[in-house]
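Undergrad: The primary structure of each chain is shown beneath.
There are 2 protein chains.
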Amino acid sequence: MPKIGGMSNQERKTELYKLGEFRLIDRLTGSFGKLHETTIMGVGDDAAVVDVGSKYMVITTDLLLEGIHFDLTYFPLKHLGYKAVVVNLSDVYAMNATPTQITVSIGVSKRFGVEDLEELYAGVKMACERYGVDMVGGDTSSSMTGLTISITALGEVSKTDITYRRGAKANDLICVTGNLGAAYMGLQLLEREKRVFESSPGAKPKLEGNSYILERMLKPEVRKDTLQKLRDNKIKPTAMIDISDGLSSDLLHICKNSGVGCKIYADKIPIDSQTAQMAEEFGIEPLVAALNGGEDYELLFTIPLEEFQNVSKIDGIATIGHITAESSGANLISPAGDEIRLTAQGWNALAKE
Amino acid sequence: MPKIGGMSNQERKTELYKLGEFRLIDRLTGSFGKLHETTIMGVGDDAAVVDVGSKYMVITTDLLLEGIHFDLTYFPLKHLGYKAVVVNLSDVYAMNATPTQITVSIGVSKRFGVEDLEELYAGVKMACERYGVDMVGGDTSSSMTGLTISITALGEVSKTDITYRRGAKANDLICVTGNLGAAYMGLQLLEREKRVFESSPGAKPKLEGNSYILERMLKPEVRKDTLQKLRDNKIKPTAMIDISDGLSSDLLHICKNSGVGCKIYADKIPIDSQTAQMAEEFGIEPLVAALNGGEDYELLFTIPLEEFQNVSKIDGIATIGHITAESSGANLISPAGDEIRLTAQGWNALAKE
Numbered sequence: 331m332p333k334i335g336g337m338s339n340q341e342r343k344t345e346l347y348k349l350g351e352f353r354l355i356d357r358l359t360g361s362f363g364k365l366h367e368t369t370i371m372g373v374g375d376d377a378a379v380v381d382v383g384s385k386y387m388v389i390t391t392d393l394l395l396e397g398i399h400f401d402l403t404y405f406p407l408k409h410l411g412y413k414a415v416v417v418n419l420s421d422v423y424a425m426n427a428t429p430t431q432i433t434v435s436i437g438v439s440k441r442f443g444v445e446d447l448e449e450l451y452a453g454v455k456m457a458c459e460r461y462g463v464d465m466v467g468g469d470t471s472s473s474m475t476g477l478t479i480s481i482t483a484l485g486e487v488s489k490t491d492i493t494y495r496r497g498a499k500a501n502d503l504i505c506v507t508g509n510l511g512a513a514y515m516g517l518q519l520l521e522r523e524k525r526v527f528e529s530s531p532g533a534k535p536k537l538e539g540n541s542y543i544l545e546r547m548l549k550p551e552v553r554k555d556t557l558q559k560l561r562d563n564k565i566k567p568t569a570m571i572d573i574s575d576g577l578s579s580d581l582l583h584i585c586k587n588s589g590v591g592c593k594i595y596a597d598k599i600p601i602d603s604q605t606a607q608m609a610e611e612f613g614i615e616p617l618v619a620a621l622n623g624g625e626d627y628e629l630l631f632t633i634p635l636e637e638f639q640n641v642s643k644i645d646g647i648a649t650i651g652h653i654t655a656e657s658s659g660a661n662l663i664s665p666a667g668d669e670i671r672l673t674a675q676g677w678n679a680l681a682k683e
Numbered sequence: 331m332p333k334i335g336g337m338s339n340q341e342r343k344t345e346l347y348k349l350g351e352f353r354l355i356d357r358l359t360g361s362f363g364k365l366h367e368t369t370i371m372g373v374g375d376d377a378a379v380v381d382v383g384s385k386y387m388v389i390t391t392d393l394l395l396e397g398i399h400f401d402l403t404y405f406p407l408k409h410l411g412y413k414a415v416v417v418n419l420s421d422v423y424a425m426n427a428t429p430t431q432i433t434v435s436i437g438v439s440k441r442f443g444v445e446d447l448e449e450l451y452a453g454v455k456m457a458c459e460r461y462g463v464d465m466v467g468g469d470t471s472s473s474m475t476g477l478t479i480s481i482t483a484l485g486e487v488s489k490t491d492i493t494y495r496r497g498a499k500a501n502d503l504i505c506v507t508g509n510l511g512a513a514y515m516g517l518q519l520l521e522r523e524k525r526v527f528e529s530s531p532g533a534k535p536k537l538e539g540n541s542y543i544l545e546r547m548l549k550p551e552v553r554k555d556t557l558q559k560l561r562d563n564k565i566k567p568t569a570m571i572d573i574s575d576g577l578s579s580d581l582l583h584i585c586k587n588s589g590v591g592c593k594i595y596a597d598k599i600p601i602d603s604q605t606a607q608m609a610e611e612f613g614i615e616p617l618v619a620a621l622n623g624g625e626d627y628e629l630l631f632t633i634p635l636e637e638f639q640n641v642s643k644i645d646g647i648a649t650i651g652h653i654t655a656e657s658s659g660a661n662l663i664s665p666a667g668d669e670i671r672l673t674a675q676g677w678n679a680l681a682k683e
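Same order as they appear, the protein sequences are chains A and B.
In case it helps, our numbering puts the first sequence at residues 331 to 683.
In case it helps, our numbering puts the second sequence at residues 331 to 683.
Please note that a few of the clues may not be correct.
Treat identical chains as interchangeable: a pair holds within one or across any two.
[Stated by the list, open to error] Calculated lysine-lysine pairs in the DSS-like style (CA-CA distance at most 27 Å, straight line):
{"#": "1", "residue 1": "K343", "residue 2": "K440"}
{"#": "2", "residue 1": "K385", "residue 2": "K489"}
{"#": "3", "residue 1": "K440", "residue 2": "K524"}
{"#": "4", "residue 1": "K455", "residue 2": "K343"}
{"#": "5", "residue 1": "K524", "residue 2": "K489"}
{"#": "6", "residue 1": "K566", "residue 2": "K643"}
{"#": "7", "residue 1": "K333", "residue 2": "K455"}
These are calculated hints, taken from the structure and not from any lab test.
Please put together the full structure from these sequences, using the hints given.
TA: Below you can see the structure in the form of structure tokens.
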């Protein structure tokens with residue numbers, strides 16, 4: 331029999347941010363069993379893995395909420411639709427899989443008109459075409475406040491190509507695609523100009539000359555061509571993850587899941603000149619933006635040491651360090667040669683407001 | 331280059347409720363192409379269908395938003411977790427498929443504590459165990475306001491058993507599982523007692539003696555046993571849909587997708603006595619609750635006329651009418667023999683507040 335009057339008022343509720351996202355997920359999902367032999371991987375990687383017979387299907391989902399994940403003051407709806415798809419596809423690629431289908435659900439308050447949603451879906455469509463995926467369903471509903479977007483992506487991969495977070499071994503090389511910290515500096519710039527705009531609405535935002543970092547924030551891409559080059563060169567990553575929370579946090583995921591340590595070199599971490607320049611303008615150490623910024627959607631992966639020559643030939647991949655024994659911990663080597671312990675200071679989805 | 335200052339202020343935005351959910355979906359998704367031969371069915375049925383080789387996989391997703399789809403004043407979190415799973419599995423079963431895996435994403439404001447989410451996930455787990463599905467992933471995030479739940483379900487079905495909305499043919503019988511209108515009357519009762527509680531918080535809610543309709547609202551089940559009996563008796567539905575928006579609306583979906591008309595008989599529509607009694611108490615015609623109430627999660631399906639004897643033997647299935655030529659339209663025959671045109675007056679997810 332339901333009790334009218336709302337949720338039970340426990341004397342002391344445990345606030346969510348105290349646990350943090352990953353411990354909370356462990357606590358909520360740890361007791362769930364596994365009933366199907368076709369469930370190869372559940373919670374705990376970039377995507378779940380289901381055996382569908384001759385191959386694996388991967389499935390991943392992301393929930394994007396207005397005011398938490400995006401700010402429509404500066405985020406064009408078309409870009410938002412595009413990015414919402416790409417962040418899901420990034421998780422599919424991080425399993426070394428090829429995305430095939432997505433579903434798109436939205437909840438919208440009455441502040442949005444049909445034309446706004448057409449903009450959003452134009453971005454979704456553009457991403458579908460760019461990455462070759464079919465939009466096959468979803469759900470559309472009103473919401474009390476703001477915009478909610480929930481996307482689920484499916485992908486396929488051969489049983490031999492599937493790549494988990496857990497496969498890294500001591501002496502493997504640590505590689506990263508593209509460069510890091512750009513989206514974070516793009517976000518800082520947008521937030522600054524928003525504050526300026528709010529205090530004097532007539533002011534012209536100073537965004538010129540920063541289109542690279544802005545685009546990294548507003549319209550990220552997954553390096554699918556780089557993955558294809560790895561495949562063409564018959565290099566199979568031993569472990570892989572996409573960098574969504576920041577290099578530190580995501581590299582620690584690989585270390586934890588693989589039961590290994592790591593050593594990365596500060597001066598090997600790829601940072602674009604526009605990122606470095608904007609970081610300087612903000613008085614932020616560019617390395618800190620690269621380590622903890624998040625939303626890069628670059629791929630972080632490990633390969634056997636003997637592939638060093640092969641991987642060096644591929645454009646757009648930087649080798650930033652190597653895997654060590656678990657007992658050595660996870661460390662960053664500064665340009666001066668000092669060893670600094672890596673800690674996860676990436677984005678906390680449950681941070682206290 | 332983004333424009334700081336928010337969404338473009340079109341002079342006249344088209345309000346969403348003016349289009350309605352189904353026309354809006356057509357407008358937003360109509361121009362999307364199909365790139366993969368493995369995409370068998372996209373938008374437009376209970377679930378999307380993907381060819382994975384020896385069988386089909388179906389995928390469906392639902393977004394549940396606090397204040398729109400549920401009211402925590404009377405909805406216990408454990409029941410909510412259970413129901414959120416079941417409404418997705420209902421769509422899987424409506425394709426004649428067996429659910430196998432789900433993902434669960436939640437967005438929560440700081441009003442919720444860890445213990446609240448444990449309640450919610452206890453309900454999710456109970457549904458997973460009851461229906462034999464694995465929870466394989468999801469996403470956890472804070473939200474600015476309220477609780478958001480987004481669930482995606484996967485299922486599998488042989489290529490010969492898959493059942494769409496579009497397969498109904500003239501003279502097919504129209505069947506429905508269980509009974510209709512109960513969840514709607516349960517909702518009316520809860521809403522009434524909520525209003526009483528709000529005007530005098532000390533008042534004891536009068537819910538006794540109505541546990542059946544309350545349970546139909548708060549903890550619905552899918553008639554998977556009835557589906558199994560159809561299979562055991564080698565009866566394959568020609569078309570199927572789950573009743574989420576109300577019998578009228580969902581039967582009209584079958585008619586539209588199949589290019590047929592229908593004739594159903596008012597006195598054949600199954601209504602539980604508790605539903606009828608509560609409808610009377612509210613001054614609602616029980617038939618109206620059954621036709622337009624929604625959230626029944628019963629299965630509505632059509633079978634060839636020659637299966638009449640076979641289907642009559644199965645408990646829990648009512649034959650309520652038959653399919654006609656499209657030109658005859660969709661009609662309800664009243665007990666007095668009058669023909670009344672069926673119209674979709676089910677729940678509009680984009681209704682104006």
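Undergrad: For each hint, tell me whether it holds in the structure or not.
TA: Checked hints:
Taking CA atoms no more than 27 Å apart as the test, K343 paired with K440 passes between copies only; the shortest distance there is 10 Å, against 33 Å inside one copy. Taking the shortest alpha-carbon separations for K385 and K489, both the intra-copy value of 5 Å and the inter-copy value of 18 Å come in at or below 27 Å. In this assembly of identical chains, the alpha carbons of K440 and K524 lie at most 27 Å apart whether taken from the same copy (24 Å) or from different copies (25 Å). In this assembly of identical chains, K455 and K343 lie within 27 Å of each other by CA distance solely across copies; the values are 22 Å between and 43 Å within a copy.
In this homomeric assembly, K524 and K489 never come within 27 Å of each other (Cα to Cα): the closest approach is 47 Å inside a single copy and 54 Å across copies. Taking CA atoms no more than 27 Å apart as the test, K566 paired with K643 passes inside one copy only; the shortest distance there is 15 Å, against 58 Å between copies. For the homomeric pair K333 and K455, the shortest alpha-carbon distance between copies (22 Å) is at most 27 Å, but the shortest distance inside one copy (45 Å) is not.
Hint 5 alone, counting from the list given before, is not met by this structure.
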